[in-house]
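Both chains come to you apart, so use the hints to assemble them.
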Amino acid sequence: MVAEQVNAWFGSTHAVRGVQMRILDRHVTAIIGPSGCGKSTYLRCLNRMHETVPNARVEGRVLLDGRDVYGKGVNAVAVRKHVGMVFQRPTPFPTMSIRDNVAAGLRVMDGDRPSRREADEIVERALRRAALWDEVKDRLSTGAVALSGGQQQRLCIARALATEPEVLLLDEPTASLDPISTQSVEELVYELRNSMTVVIVTHNMQQAARVSDFTCFFLNGEMVEMGATDSMFTTPKDSRTEAYITGRFG
Amino acid sequence: MSEPVATAPNAAAPTPPAAPLRPSGRQRAFAERTATTIGRRRVVNSIMTGVLVLFSILAALPLVVILFHLLKLGASSLSIDFFTKMPKPVGESGGGMANAIVGTLILVGTGALFGLPIGIGAGLYLAEHREARLANAVRFLSDVLNGLPSIVMGIFAWQFLVRPVGHFSALSGGVALGVMMIPMVARTTEEMVRLVPISLREAALALGFARWRTSLSIVLRTASAGIVTGALVALARIAGETAPLLFTAFGNQFWSTKLSQPISALPLQIFSYAISPYDEWHTLAWAGALVLIALILVLSIVARVATRSRFVLGGD
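Listed in order, the protein sequences are those of chains U and X.
Residues in the first sequence are numbered from 9 upward in steps of one, following my numbering.
Residues in the second sequence are numbered from 1033 upward in steps of one, following my numbering.
Chain X on its own, in the form it takes in the complex (with noise of 0.2 Å):
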């Protein structure tokens, strides 16, 4: 509502605003519209926000769920034996899971052996050279890749590593978890790469460096915090992979590391105890269940403290 303007000539300075008007009708039915809009409004806002929070507590529902129920079946079971000794016979009390621990280590060690260089390297290709044709296709077949069953890659391990030997091995299933590595891995790289300024690789460039060895030297290592949260993330995927290890590594009731021989791991020991019809095993199950998804908690919570890195890409 604009000020009455000073009309008198000799005004020396605008007349103050006259009292405020009482609101006519068409006023007041206006604002009393915009009221109940407004309050209506507001209570559909508090409906809708409800909604969601539920769903969210939902979502994070199965995994406390599961977190708890595994503590309470499985964590009786843990003890220093479980983590030191091997599996005892059927009707002996005691015994652990060393080599199952054991084997899942060296299986997810081998795997990320064969499968880091390889996703690491596909991904930086692939954020080079972003549009090329080359590129595209693999791009499209990392995808198809990343959403086979893990069965077959645990079919094809077994067709060129296993039958070919004539006996399972822990190198064969290194290699199956390996592959189901590579396309996560050069997602999340080729995304992390892709965040790398081309100010700072034409920094690079226009000081001599040639195109690999920015890729390399610069770019990389610019981008290494986030390539590390990526590579941790597909780790701690692979870790709890069942099916691909059934016909490779197959499981191994002795102390083994050899790469050449059948080798214990968490999810096998877990399997073949669950399904056994012995009680004591069952909570043994448990036991190693929860030593299992303690140990990918662990590899996803370094995941993201590692991603609050030093330095913050693109600022100032």
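If we strip away everything but chain U, and leave its shape as in the complex, we get (with noise of 0.2 Å):
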């Protein structure tokens, strides 16, 4: 995935500035920064959400695989089955159970929906993946929202995985949960990292040294630097990125 040029306005408010960056197929990618940086906005742009807000405007390119996601007559909506998200707080849908939730995705994908047994499958694939299979597995016909914060955090990106996506964005997944459920997301996206491209934003620097290959660092909407995540941490080259890494401001 390749952003050229991206930027992003929220009415006059101009909240990500000419953002140029390569993601790795295959590769997790963190963006870290201080408060209100623009971090949550650009990975917004990557999958076109940004867009649903009112008064929101994004210019630029957004290739995947080569494709620019902003290119007249692409849809939207198709682009978000391949880009998937999970948001900071847990959003199960709570009217639904927690087999239903997982496979809520299911029912908009392109081609032949999934049979009854497919699906099922698919779920239980899923649920394993968000380690979460062995807590849920005898209930699943339960209400989602039954479950504890963590475990419906992993539930959302249960339902992310199961559509399969190319890409999967996370907006600080474990900006709300325990610790103990941190690091199992943690473990997941180490995980991921052969199957899909991940880019998760975070707040926490250690939790970015800990599961990305390659860090982003962003500041008043401009990206910084961007460098693999031993090197960026150890030997960053621009000075704010220094100072944000050291502590000095953030």
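Just so you know, the hints here were simulated from the structure itself, not pulled from any lab data.
Since this is a predicted model, take the numbers as computed values, not measurements.
Accuracy of the hints is not assured; some may be wrong.
Stretches of chain X that chain U covers, calculated by requiring three or more beta carbons in the stretch to come under 8 Å of a beta carbon on chain U [stated by the list, open to error]:
#1 1227-1241
#2 1246-1260
If you want a taste of the chain U side facing chain X, the calculated C-beta under 7 Å gives, among others [unchecked claim]:
#3 V61
#4 M93
#5 P102
#6 S105
Here are a few chain U residues that sit away from chain X, every Cβ distance over 12 Å (derived from the structure) [stated by the list, open to error]:
#7 L32
#8 V66
#9 L71
#10 Y78
#11 D118
#12 D120
#13 A127
#14 W141
#15 D179
#16 P187
#17 S203
#18 A217
Note that beta-carbon positions come from the ideal geometry of N, C-alpha and C, so glycine has one too.
Pasting the structure below:
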């Protein structure tokens, strides 16, 4: 996935400025930066979610497999079927069971809808990948809201994984989770690296260091620096990056 | 009051606080003033609370008085006959309001068929497109429609559904009631749909749901408990409306369930019995009123119970 000169506005506020980024396939890329620097906004530009906000605007190109998702005639809904997203707060659909939650994305997939049996298999596979299967396999038809916060977030991840997107975007997925759930989510992200492209926005630098292959540092809507995680955290090239990483501001 | 600081350099622990000093004159006067103020505030508080409780009781009083009278005057006529028999001509005792009860049910049902889809659809549109100019216009007109006298509703239904056909009909009455329902249902639907958090919509959109699909599959389903409550409350309202039925459904002495014919209804029957000079019919009117109130109460209670939904929106 490649972002070329992506700019985003909320009304007249220029939130993302000219971001140029190459996201490597089947690797985990982390985006770090202080609050309000535009990292979440930028992430939402990657799957065309930013434009769902009233008065929001995006300019630039985002290439997925060589095709611009903002190109003429490209349907935003179709893009979102290939680029999945998990949000900061868990959002299970409250009127649906655990099974139906995970299978929700299957209803709108391109091509034929999977049969009931196929759907069940997909649900089980997704729940296993999200490390939630063992905890819920006996109560798949109970309401999703009965789960704990950490379980709900893993459910949302399973829901995003069920449709096998090419890219998975995670917007501070562990921000509202307890440490144990955080750990299982981080393990999951680490394991996903070989099967899909993951972009994770995180407030937590240590988390970025733990799970990602590449890290980008954002400041005031601009991407300041991007590099391999190890070198970014040990020998950052930009002084601002260094200041942030060493905790001089943040 | 701070503790006295230990001044001795070789003191191992701070000296214990000295015994409380006798309050000075100024401190005593201040304490007394505060005590009277607090005392006075407590008295005022009690009085105001008492007044509010009294007003609350007064607010509930009319309903209690009405229910009591209805029970006293109408319960005696209530029997199986009342629910199953037709009205008897003057002079004969007995008889019931079976046709009126069924008529009310048919009219309310027809109204619901007409008013619920339009009301819910409008409410959904208003909630999803909050700021659009059309939405603001619709909201305003809906409020105006809500305040329209119900007899005007009846006149319109009469003009467009009764006059062209040349006779009164249950359908026209049902449509009049349905139109009355629309603003109520739209309002409650809009409020319930607005309560669905944006995060839920975004989650659906991010999965690849189209906007209309998000509205129907996710948003509407999540808000369904509240929408049903709103619908039941609206049904309870129109069940008791009389004026729109005066020249649309018109009333019918005989048993009729056809939509194309005039039909009896509880409020209409109560009306014609109540203004008659016959005592027997008066007691029947009381009984009819009791049944009508009971119907409305049941609908309202079911609506309240249904509000205690299984899922709490916005929890966690």
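Distal placement of U:L32 relative to chain X, Cβ over 12 Å: holds, 22 Å
Distal placement of U:Y78 relative to chain X, Cβ over 12 Å: The claim stands: U:Y78 keeps its Cβ more than 12 Å from every Cβ of chain X (closest is about 16 Å).
Least C-beta distance from U:A127 to chain X larger than 12 Å: Holds, since 15 Å exceeds 12 Å.
Supplied contact hint for U:M93, tested at 7 Å Cβ to chain X: holds, 4 Å
U:S105 as chain X interface residue, shortest Cβ-Cβ below 7 Å: violated, 12 Å
12 Å Cβ clearance of U:D179 from chain X: violated, 10 Å
Exclusion check [U:D120 not at the chain X interface, CB over 12 Å]: Fine: 15 Å to the nearest Cβ keeps U:D120 off the interface.
No chain X beta carbon within 12 Å of U:V66's: holds, 15 Å
Minimum Cβ-Cβ distance from U:L71 to chain X exceeds 12 Å: For U:L71, whose nearest Cβ neighbour in chain X is about 19 Å away, the distance exceeds 12 Å, so it holds.
Given as non-interface: U:W141, which should sit over 12 Å from chain X by C-beta: The claim holds: U:W141 sits with its nearest Cβ about 20 Å from chain X, beyond 12 Å.
Exclusion check [U:D118 not at the chain X interface, CB over 12 Å]: The claim breaks: U:D118 does not keep its Cβ more than 12 Å from every Cβ of chain X (closest is about 9 Å).
Proximity test - 8 Å, beta-carbon atoms, the segment 1227-1241 of chain X to chain U, at least three hits: That given contact holds, which follows from 11 residues of the segment 1227-1241 of chain X lying within Cβ reach (below 8 Å) of chain U.
In summary, the numbered hints that this structure violates are 3, 6, 11 and 15.
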